[in-house]
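Student: Protein chains in written order, with full-length UniProt numbering: chain A, 1 to 366; chain B, 1 to 293.
No lab work stands behind these hints: they were computed from the structure.
Among the hints, erroneous ones may be present.
[As the list claims (entries may be wrong)] Every beta carbon over 10 Å from chain A, so not counted as near; a handful from chain B, in silico:
id : residue
1  : Q20
2  : T24
3  : M95
4  : S132
5  : D154
6  : I205
[To be verified] To give an idea of the chain A side of the interface with chain B (calculated C-beta under 8 Å), a few residues:
id : residue
7  : G64
8  : A74
9  : I78
10 : F82
11 : A86
12 : Y88
13 : H90
14 : Y99
15 : P107
16 : K108
17 : Q129
Keep in mind it's a predicted model, so treat the numbers as computed, not measured.
Every residue gets a Cβ at the ideal spot worked out from N, C-alpha and C, and that includes glycine.
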Amino acid sequence: MAEVTLNDVRKVYAGGVEAVKGVSLDIPDGGFCVLVGPSGCGKSTLLRMVAGLETISSGQVAIGGRVVNEIEPAERDIAMVFQNYALYPHMSVYDNIAYGLRNRGTPKDEIDRRVQEAARILAIEPFLQRKPRALSGGQRQRVAMGRAIVRKPQVFLFDEPLSNLDAKLRVQMRVEIKKLQRALGVTSIYVTHDQVEAMTLSDKLVVMSGGQVEQVGTPTEVYRRPETRFVATFIGSPPMNILPGLVDGDGRVSVGGLTLAADDLPAGLEPGRHVDVGVRPEEVEVAPAGAPGAPFAIDFVEELGATELLHGTLGGSPFVLQVNTGAVSPGTKAVTLAIPSRCVHVFDAETGKRLGRAESATARAA
Amino acid sequence: MEKRSLYNNKLLPYLLLAPQLVITLVFFYWPASQAVWMSFRMEDAFGTTTEFVGLENYVSLFQQRAYYESMATTVIFSIAVTFLAMSFSLLLAVMADKQIRGGSVYRTLLIWPYAVAPAIAGVLWLFMFQPSLGMIGRGLISIGVPWNPMLNGDHALLLVILAAAWKQISYNFLFFLAGLQSIPKSLIEAAAIDGARPTRRFWTIVFPMLSPTTFFLLVVNIVYVFFDTFGIIDAITHGGPAKATETLVFKVYQDGRLGGDLGGSAAQSVVLMVIVIALTAIQFRYVERKVTY
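I would like the entire structure built from these sequences, with the hints used as guidance.
Tutor: What follows is the structure in structure tokens.
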């Protein structure tokens with residue numbers, strides 16, 4: 001077990017494409033760090049650099065205090081779970097799990113003991129003699145996990161390990177991975193494009209875009225206080241509403257003629273400055289009839305069971321509102337919304353950076 | 001799930017198969033049956049009459065010492081050519097697979113020998129290794145190697161083995177390269193993380209994954225060595241010196257076309273056909289079992 005430290009890590013491919021543009025990151029011993037971002041944001045490249053499968057163009061990667069830039073993947077004491085599992089198709093499940101130990105010259109009885117133990121933890125004992133092709137997706141996933149845990153590495157690396165599974169199994173395996181990581185206490189780095197996976201698994205969430213880190217923090221911090229417009233719309237489902245607006249004075253913005261109070265907006269900004277105003281669909285409530293608030297015209301409704309998504313316009317811009325089913329009677333065309341001032345996020349219209357009062361401790365965006 | 005197409009017209013499926021069937025019938029079954037028929041007959045010295053002699057051609061064939069010698073030559077020749085052609089092409093394919101820049105040029109150059117006609121390939125090698133004219137031949141003599149494939153049977157056999165293997169390398173190379181490229185990269189990466197060094201990675205992951213390709217090439221190469229090397233042998237040695245490079249297929253030609261013994265030659269070609277069918281059957285029966293994963 002070890003901490004992982006990335007110091008200004010860059011990846012420039014031959015041809016000049018810069019896939020990772022200087023990432024610094026500290027992952028504490030036993031931590032579960034999730035790299036999340038849209039495809040092409042550099043998250044997989046970053047993971048593969050930690051694994052040693054990609055060369056590091058500049059910067060340093062250290063595992064347990066040892067700089068590993070020039071060290072072969074095999075010597076880094078890591079294990080990786082691949083998206084397509086990468087099981088050796090010509091070997092039995094047992095041999096797949098034992099392969100890494102055999103390569104390291106582990107004694108035979110020790111190999112057997114550890115393979116059996118891993119198989120017991122993952123409940124794949126009945127399949128040890130089967131070939132991978134005779135297993136289901138979830139079972140293959142477990143074998144891939146078994147291959148990782150059997151070596152007792154210092155770091156687990158996961159490269160979108162659940163994206164080949166169906167939705168139901170994904171939720172189940174997600175929980176199992178989290179439990180397993182807790183039980184073993186091994187430092188883990190997990191790459192995904194699924195923000196639900198990212199939120200539920202991580203204790204350190206890293207949101208990436210365009211080869212850069214947008215924000216680092218606990219899932220709650222990132223959700224509560226997104227540092228950029230990108231993070232605001234990427235984390236959270238349905239995504240945050242972004243409305244074009246203007247600074248209206250200290251702690252106030254105006255959106256299409258509506259004035260909204262924003263707690264976090266710093267004082268002293270020039271009125272009339274262009275900003276993007278963000279409001280989460282689930283943080284807005286429908287005001288009682290006659291109460292003051294923002295008028296919202298409903299176009300159509302999406303029913304999700306427990307909740308409903310109301311699509312419409314607010315201050316002349318498209319807006320989505322999430323309410324409990326039944327909170328708005330069917331056929332309603334217009335309601336008034338109560339938008340709490342603590343839930344109004346303001347971003348610079350040009351840079352997309354948050355206009356916030358105090359620089360938060362999590363605002364370590366590169 | 002059953003995959004079946006339904007045709008309304010009962011004739012259509014036969015019609016669609018007909019071109020392939022006609023070609024097989026005309027160019028394989030008909031000549032093959034002719035050969036079997038001829039192997040039971042004997043022709044007089046002038047080729048005017050033939051008579052049915054039963055198994056006499058076969059009996060005299062298996063009483064010839066020369067036939068067993070030819071068989072031994074063929075065994076050495078086929079093992080050497082198959083082994084050389086397959087191992088060397090695998091080596092080249094592994095290197096080409098690693099090559100990223102200039103890979104297509106490298107590949108194209110390696111594919112060329114396949115486009116060269118066997119006789120031309122034979123002449124090419126003959127020129128290079130000719131003891132008094134060839135660059136390599138003269139070079140060998142100048143460094144003190146008593147090289148002479150025109151007189152020394154072992155040298156001649158070595159030369160035809162090299163030429164025949166060289167000719168087949170391109171074909172094997174293409175298949176090995178395609179096989180290598182179809183191995184998922186993540187498997188190799190997983191093995192690297194699992195602590196396998198490149199050599200071990202090759203023998204424990206890459207080579208087993210290639211086994212279907214290897215098996216296919218083994219069958220194709222053996223058929224190649226038995227039949228298609230005729231042109232190379234004919235161009236380089238004519239089966240000589242002193243029948244040292246006379247393989248079974250060359251003996252068929254030698255005895256039938258040059259020796260005028262059509263019945264005996266037909267018997268030989270029937271035996272040859274049986275040998276190749278048996279070899280292929282054995283390979284499918286025993287080797288293929290080990291290649292599935």
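Student: All the hints need checking, so say for each whether the structure fits it.
Tutor: For each hint, the structure was consulted:
With 10 Å as the threshold on Cβ separation, the claim that B/Q20 sits away from chain A holds: the shortest Cβ distance comes to roughly 33 Å. The Cβ of B/T24 sits about 35 Å from the closest Cβ of chain A, beyond the 10 Å cut-off, so the non-interface label holds. Annotated as non-interface, B/M95 keeps its C-beta farther than 10 Å from every C-beta of chain A; the closest such distance is 20 Å. Interface exclusion of B/S132 from chain A stands, the closest Cβ pair being 51 Å apart, more than 10 Å.
Non-interface status of B/D154 relative to chain A is upheld: no Cβ of that chain comes within 10 Å, the nearest being about 40 Å off. With a cut of 10 Å on Cβ distances, B/I205 falls inside the contact zone with chain A, its closest approach being about 6 Å. Violation of the interface hint for A/G64 is found here, the shortest Cβ-Cβ separation to chain B being roughly 17 Å, above the 8 Å cut-off. Evaluation of the A/A74 hint against chain B yields a held restraint, the C-beta minimum of about 4 Å falling below 8 Å.
With a least beta-carbon distance of about 7 Å to chain B, the hint placing A/I78 at the interface is held under the 8 Å criterion. Because the smallest distance between the Cβ of A/F82 and any Cβ of chain B comes to about 5 Å, under 8 Å, the interface hint for this residue holds. Because the smallest distance between the Cβ of A/A86 and any Cβ of chain B comes to about 4 Å, under 8 Å, the interface hint for this residue holds. For A/Y88, the interface hint holds, since its Cβ comes within 8 Å of a Cβ in chain B; the closest pair sits about 6 Å apart.
Checking A/H90 against chain B by beta carbon gives a least distance of about 4 Å; that is within 8 Å, so the hint holds. Evaluation of the A/Y99 hint against chain B yields a held restraint, the C-beta minimum of about 5 Å falling below 8 Å. Taking 8 Å as the C-beta contact cut-off toward chain B, the hint placing A/P107 at the interface is violated, the least distance being around 15 Å. With a cut of 8 Å, the hint placing A/K108 at the interface with chain B is violated, because the nearest CB-to-CB distance is about 17 Å.
This hint is violated: A/Q129 has a C-beta 14 Å from the nearest C-beta of chain B, more than the 8 Å allowed.
Going through the hint list in order, the structure does not satisfy hints 6, 7, 15, 16, 17.
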